[in-house]
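J.: The primary structure of each chain is shown beneath.
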Amino acid sequence: AQSVAQPEDQVNVAEGNPLTVKCTYSVSGNPYLFWYVQYPNRGLQFLLKYITGDNLVKGSYGFEAEFNKSQTSFHLKKPSALVSDSALYFCAVRDQAGTALIFGKGTTLSVSS
Amino acid sequence: DAGITQSPRHKVTETGTPVTLRCHQTENHRYMYWYRQDPGHGLRLIHYSYGVKDTDKGEVSDGYSVSRSKTEDFLLTLESATSSQTSVYFCAISESQGQSPLHFGNGTRLTVT
Chain S
77 AQSVAQPEDQ
87 VNVAEGNPLT
97 VKCTYSVSGN
107 PYLFWYVQYP
117 NRGLQFLLKY
127 ITGDNLVKGS
137 YGFEAEFNKS
147 QTSFHLKKPS
157 ALVSDSALYF
167 CAVRDQAGTA
177 LIFGKGTTLS
187 VSS
Chain Y
46 DAGITQSPRH
56 KVTETGTPVT
66 LRCHQTENHR
76 YMYWYRQDPG
86 HGLRLIHYSY
96 GVKDTDKGEV
106 SDGYSVSRSK
116 TEDFLLTLES
126 ATSSQTSVYF
136 CAISESQGQS
146 PLHFGNGTRL
156 TVT
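As you go down the protein sequences, you meet chains S and Y in turn. Take 77 as the starting number for the first sequence in the numbering used here and just add one per residue. Take 46 as the starting number for the second sequence in the numbering used here and just add one per residue.
Calculated from the structure, these hints are not laboratory results. Mixed in with the good hints, there may be bad ones.
Straight-line C-alpha distance at most 20 angstroms; calculated DMTMM-like pairs for lysine to aspartate or glutamate [stated by the list, open to error]:
1) LYS115(Y) to GLU140(Y)
2) LYS98(Y) to ASP83(Y)
3) LYS56(Y) to GLU140(Y)
4) LYS102(Y) to ASP171(S)
5) LYS181(S) to GLU124(Y)
6) LYS181(S) to ASP83(Y)
7) LYS125(S) to GLU140(S)
8) LYS125(S) to GLU91(S)
9) LYS102(Y) to GLU72(Y)
10) LYS98(Y) to GLU117(Y)
11) LYS98(S) to ASP85(S)
12) LYS125(S) to GLU140(Y)
Here's a subset of chain S near chain Y, in silico, CB distances under 10 angstroms, partners left out [what the hints assert, rightly or not]:
13) PHE122
14) PHE143
15) THR175
Fair warning: this is a prediction, and the values are worked out from it, not measured in the lab. Glycine included, each C-beta is placed from N, C-alpha and C at the ideal position.
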């Protein structure tokens, strides 16, 4: 069965510092991996995805994610955090035969000025 | 937001009453999904559709039914609402399976009293 773990409920970082939001996954075969962001009272917005190829994936708003097959991880990163990055972040996985995405429980990112 | 409208945006209903939530898309995507979002659980799949009149159950389908009579509309019905169904419900669409991301509506906040 597919599953996603986001081990941190909350991540706190100062503006201008690098940020990392962690995600590990379990899936049969090769995974498709996704990151989403949710602002208050809004739906989830797609940030980036990993399909195959380069282990470093670049996405929207300066975010990137690093795929590590041996550690089954897909951590979200940004070199310099902004206060406006404060939001709820979700990691999701789909196996190659799957239809729906399986989501982690989410990590709240708080960026202080 | 990718041409997805959920209605109503908010609803309060009493235990035991039937409730129908509507999702309308203008993207002509084949796949449509209903998720619920609850604190500590992230997003969990209720039902999804892979075409007109083609639907399947997700992780938390008990107490819910769906219908899709047109490509653009996907209805979620709570047969007899219970307090445990108080949640935020999100509709999502995707063009295909595999690497295709989901795009989400802005959600319906349902309160069952």
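J.: Please verify that hint: PHE122(S), Cβ, nearest Cβ of chain Y, below 10 angstroms or not.
T.: holds, 5 angstroms
J.: Taking only the CA atoms, is the gap from LYS125(S) to GLU140(S) under or equal to 20 angstroms?
T.: holds, 9 angstroms
J.: Below or equal to 20 angstroms on CA atoms is what counts here, so check LYS98(Y) against GLU117(Y).
T.: holds, 12 angstroms
J.: Hey, does the PHE143(S) contact hint survive, CB to chain Y under 10 angstroms?
T.: Violated - the Cβ of PHE143(S) stays beyond 10 angstroms from chain Y, reaching only about 13 angstroms at its closest.
J.: Taking only the CA atoms, is the gap from LYS181(S) to ASP83(Y) under or equal to 20 angstroms?
T.: holds, 9 angstroms
J.: Does THR175(S) pass the interface check with chain Y, least Cβ-Cβ distance below 10 angstroms?
T.: Check passed: Cβ of THR175(S) comes within 5 angstroms of chain Y, closer than 10 angstroms.
J.: Is it true that the CA of LYS98(Y) sits at most 20 angstroms from the CA of ASP83(Y)?
T.: The given pair, whose Cα atoms are some 28 angstroms apart, is violated under the 20 angstroms limit.
J.: Within 20 angstroms, alpha carbon to alpha carbon, are LYS181(S) and GLU124(Y)?
T.: Between LYS181(S) and GLU124(Y) the Cα gap is close to 27 angstroms, so the pair fails against 20 angstroms, i.e. violated.
J.: Measure nothing beyond the straight line between the CA atoms of LYS125(S) and GLU140(Y); if it is 20 angstroms or shorter, mark the hint as holding.
T.: holds, 15 angstroms
J.: Are the Cα atoms of LYS102(Y) and GLU72(Y) separated by 20 angstroms or less?
T.: The hint is violated at about 23 angstroms.
J.: Does the alpha-carbon distance linking LYS102(Y) and ASP171(S) stay inside the 20 angstroms limit?
T.: holds, 17 angstroms
J.: Does LYS56(Y) pair with GLU140(Y) here, judged by a C-alpha cut-off of 20 angstroms?
T.: Not OK: LYS56(Y) and GLU140(Y) at ~29 angstroms, beyond 20 angstroms, violated.
Checked against the numbered hints listed earlier, the structure breaks hints 2, 3, 5, 8, 9, 14; every other hint is satisfied.
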